[in-house]
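Chain A is already provided as a structure; the job is to place chain B on it using the hints.
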Amino acid sequence: MNRTIEMSNDKQHAGIQPRTANDIERHKRNIRTAWAIGLFALLVMLTSIPFWQGLYRIATSAN
Amino acid sequence: MSTATLAPANDHEHHGPPRGMRRWLMSTNHKDIGTMYLIFALVMLFLGGASAMLIRAELFMPGLQLLEPDLYNNLVTNHALIMIFGAVMPAAAGLANWMIPLMIGAPDMALPRMNNLSFWILPAAATMLMLSFVVPFFPGGGSQINTGWTLYPPLSLQVGMSMDFLIFAIHLLGISSVLASINIIVTIFNMRAPGMNLMQMPIFVWTWLVTAFLLILVVPVLAGGVTMLLFDRHFGTSFFNAAGGGDPVLFQHLFWFFGHPEVYVLILPSFGVLASIIPTFARKPLFGYKSLVGSMIAIMFIGMVVWAHHQYTIGMSLAAVSYFMIGTIIISIPVGLMVFNYIATMWRGSMTFETPMLFAVAILLMFSFGGLTGIMLAVVPADMQYHDSMFVVAHFHYVLLPGAVFGLFAGVFYWLPKWTGNMYDERLAKIFFWINVIGFNLTFFPQHFLGLAGMPRRIIDYNIMFTEFNMVSSVGAMIFGLSHLLLLYIIIKTIRGGKPASARVWEGANGLEWELPSPPPFHSWTTAPQIK
Numbered sequence: 063m064n065r066t067i068e069m070s071n072d073k074q075h076a077g078i079q080p081r082t083a084n085d086i087e088r089h090k091r092n093i094r095t096a097w098a099i100g101l102f103a104l105l106v107m108l109t110s111i112p113f114w115q116g117l118y119r120i121a122t123s124a125n
Numbered sequence: 201m202s203t204a205t206l207a208p209a210n211d212h213e214h215h216g217p218p219r220g221m222r223r224w225l226m227s228t229n230h231k232d233i234g235t236m237y238l239i240f241a242l243v244m245l246f247l248g249g250a251s252a253m254l255i256r257a258e259l260f261m262p263g264l265q266l267l268e269p270d271l272y273n274n275l276v277t278n279h280a281l282i283m284i285f286g287a288v289m290p291a292a293a294g295l296a297n298w299m300i301p302l303m304i305g306a307p308d309m310a311l312p313r314m315n316n317l318s319f320w321i322l323p324a325a326a327t328m329l330m331l332s333f334v335v336p337f338f339p340g341g342g343s344q345i346n347t348g349w350t351l352y353p354p355l356s357l358q359v360g361m362s363m364d365f366l367i368f369a370i371h372l373l374g375i376s377s378v379l380a381s382i383n384i385i386v387t388i389f390n391m392r393a394p395g396m397n398l399m400q401m402p403i404f405v406w407t408w409l410v411t412a413f414l415l416i417l418v419v420p421v422l423a424g425g426v427t428m429l430l431f432d433r434h435f436g437t438s439f440f441n442a443a444g445g446g447d448p449v450l451f452q453h454l455f456w457f458f459g460h461p462e463v464y465v466l467i468l469p470s471f472g473v474l475a476s477i478i479p480t481f482a483r484k485p486l487f488g489y490k491s492l493v494g495s496m497i498a499i500m501f502i503g504m505v506v507w508a509h510h511q512y513t514i515g516m517s518l519a520a521v522s523y524f525m526i527g528t529i530i531i532s533i534p535v536g537l538m539v540f541n542y543i544a545t546m547w548r549g550s551m552t553f554e555t556p557m558l559f560a561v562a563i564l565l566m567f568s569f570g571g572l573t574g575i576m577l578a579v580v581p582a583d584m585q586y587h588d589s590m591f592v593v594a595h596f597h598y599v600l601l602p603g604a605v606f607g608l609f610a611g612v613f614y615w616l617p618k619w620t621g622n623m624y625d626e627r628l629a630k631i632f633f634w635i636n637v638i639g640f641n642l643t644f645f646p647q648h649f650l651g652l653a654g655m656p657r658r659i660i661d662y663n664i665m666f667t668e669f670n671m672v673s674s675v676g677a678m679i680f681g682l683s684h685l686l687l688l689y690i691i692i693k694t695i696r697g698g699k700p701a702s703a704r705v706w707e708g709a710n711g712l713e714w715e716l717p718s719p720p721p722f723h724s725w726t727t728a729p730q731i732k
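Chains as they are written, first to last, in the numbering used here: chain A, 63 to 125; chain B, 201 to 732.
Simulated from the structure, these hints should not be mistaken for laboratory data. Using N, Cα and C, we set each Cβ at its ideal position, and we do this for glycine too. Treat the hints loosely; a few may be bogus.
[To be verified] Short, incomplete list of chain B residues facing chain A, as computed with Cβ under 10 Å: (1) A310; (2) I382; (3) N383; (4) V386; (5) L417; (6) V419; (7) A423; (8) M428; (9) L430; (10) F439; (11) A443; (12) H453.
[Stated by the list, open to error] Chain A stretches covered by chain B per the calculated footprint, using a threshold of three residues with CB under 8 Å from any CB of chain B: (13) 82 to 88; (14) 95 to 107.
Excised from the complex, chain A in its bound form (with noise of 0.2 Å):
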């Protein structure tokens, strides 16, 4: 794997930038990744199969 990395050697683009559209395009990106991800691991849980079979076994069994 080879790779060249340039940089910027314009002065005015260093420190912190002010976030422009493309950066909040980036961070709306973001969040909509991390909720995917957040609520794919939810469902990982909640559909563990021994856990609605013992739902079920609590649900048929009560008195």
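What follows is chain B alone, placed relative to chain A:
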């Protein structure tokens, strides 16, 4: 491997870090949060290490010396939980926080506030974990946790309130891990420098991508399992209570569905560190980049479907144990491929043996040894004999100490000059390496013989015939444990000063992180590098 065509002119600090406690409590800076993770892990390493030294001090001779049986079991439980959740995982997360943004040319993690939350949940979880240890010492505190880290019912249903503290601690640790994993995945997917595709990322970043996905897939299952345990304990359910129609073995399946992939969660980031270190000190490009990526992905998928090799003795069908045995042996192929790739990287390289490289070579030797005993344990009829013996303790310490902890030490020595701007004391570091490795082998090598001779694990007393090997093991453990004070000294000494480190630090180092000065500015890569 990368080639820089222009020296960086960006990253002038327009403002420095906030001052005082605010800097740490409110931090959203990946470097500061990485530092906090690493400090937290170091503290927990000493706590977990102290409990291990107490265990080995007790086992120095047969009979009861220092501890009561319940306290001994409590220490065994806490040692494992502290080391896994408190030391190794946070240390790996610390490396990830520090290095992933620097390596992919990102200004920070994708979700900096969530990053802060992921870290600050940890001290709360650690407090709960400590409370689970100390609560039984108070009046009305109930019995001590004597289950081991596996928390198997029915024993875990009978333990006092300390088990509730532990379950809550595991919930918090799980939340922290999942949040950190989400952040890492989003960072890697969305924040790479323009022009850097996935197959151009450093292997360390790949290992963390795979690890984060693995955590997302298995931690929620553990969370579900311990929640069911909590319901059985307090809300009248019978998920695992045989008297109510439940099945205790169900918990074992849920636990090991998390527990076995957890081994790869611990090991993979360290293997990523090796992929950075070995090419640097062998002065050769990494051998087999694509096969390393493929191996990791294979480890993730196969690692998730072989969990029940931890439970051969519960009485599964022949078909089931055969499947789990074959699956477990198959996983040695991608793991072996990773090891062979690293050896091939070293082959005919201009190698030098600075401390990170010493650790790397030692890891390959000792981890392979642990892997071989793993194949022994994967074989069902053999495992029936070795199960719950000291052989198993020796095996997993040979896998996890070199495979995870030594990899983290190697990473700390490799990147410490980058983080602090100062070179560490190479002579002291080499002394630490040798004492550490010799102490480790003295501690755990004899335990293979103890296990094969029939000494069970997790029991405070033993037959007098096991005395000599236990004495050697305990002396080794004291050397091994105390050697970490030297590590602490070296780290503090490096932070306080030393020979200034250059940006590249190591002659053969390649990658974006080495394009930045040492230490990197508080805000780095504010102008993204262009990768061609």
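Going through the hints against the structure:
1. Given the 10 Å rule on beta carbons, the hint for A310 (chain B) holds: about 4 Å separates it from the nearest Cβ of chain A.
2. With 10 Å as the threshold, the beta carbon of I382 (chain B) comes within range of chain A, its nearest partner Cβ sitting at about 5 Å, so the hint holds.
3. For N383 (chain B), the interface hint holds, since its Cβ comes within 10 Å of a Cβ in chain A; the closest pair sits about 7 Å apart.
4. Of the supplied interface hints, the one on V386 (chain B) holds, with its beta-carbon coming within about 5 Å of a beta-carbon of chain A, less than 10 Å.
5. A hinted interface residue such as L417 (chain B) counts as satisfied when its beta carbon comes closer than 10 Å to some beta carbon of chain A; here the least separation is about 6 Å, so the hint holds.
6. Hint status for V419 (chain B) relative to chain A: holds, with the closest Cβ pair at about 7 Å, below 10 Å.
7. Residue-level restraint check for A423 (chain B) holds (minimum Cβ-Cβ distance to chain A is 5 Å; threshold 10 Å).
8. Because the closest C-beta pair between M428 (chain B) and chain A is about 6 Å apart, less than 10 Å, the hint holds.
9. At a threshold of 10 Å, the smallest CB-CB gap from L430 (chain B) to chain A is about 12 Å, leaving the interface hint violated.
10. Satisfaction of the interface hint for F439 (chain B) is found here, the shortest Cβ-Cβ separation to chain A being roughly 4 Å, below the 10 Å cut-off.
11. A least Cβ separation of about 12 Å between A443 (chain B) and chain A goes past the 10 Å threshold, and the interface hint is therefore violated.
12. Against a cut-off of 10 Å between C-beta atoms, the interface hint on H453 (chain B) holds, since the closest Cβ of chain A lies about 7 Å away.
13. Beta-carbon proximity to chain B at under 8 Å applies to 1 residues in the segment 82 to 88 of chain A; the threshold of 3 is not reached and the given coverage is violated.
14. Closer than 8 Å: that is the beta-carbon criterion, and the segment 95 to 107 of chain A has 9 residues meeting it against chain B, so the requirement of 3 holds.
Going down the numbered hints, you'll see the structure goes against 9, 11, 13, while the others check out.
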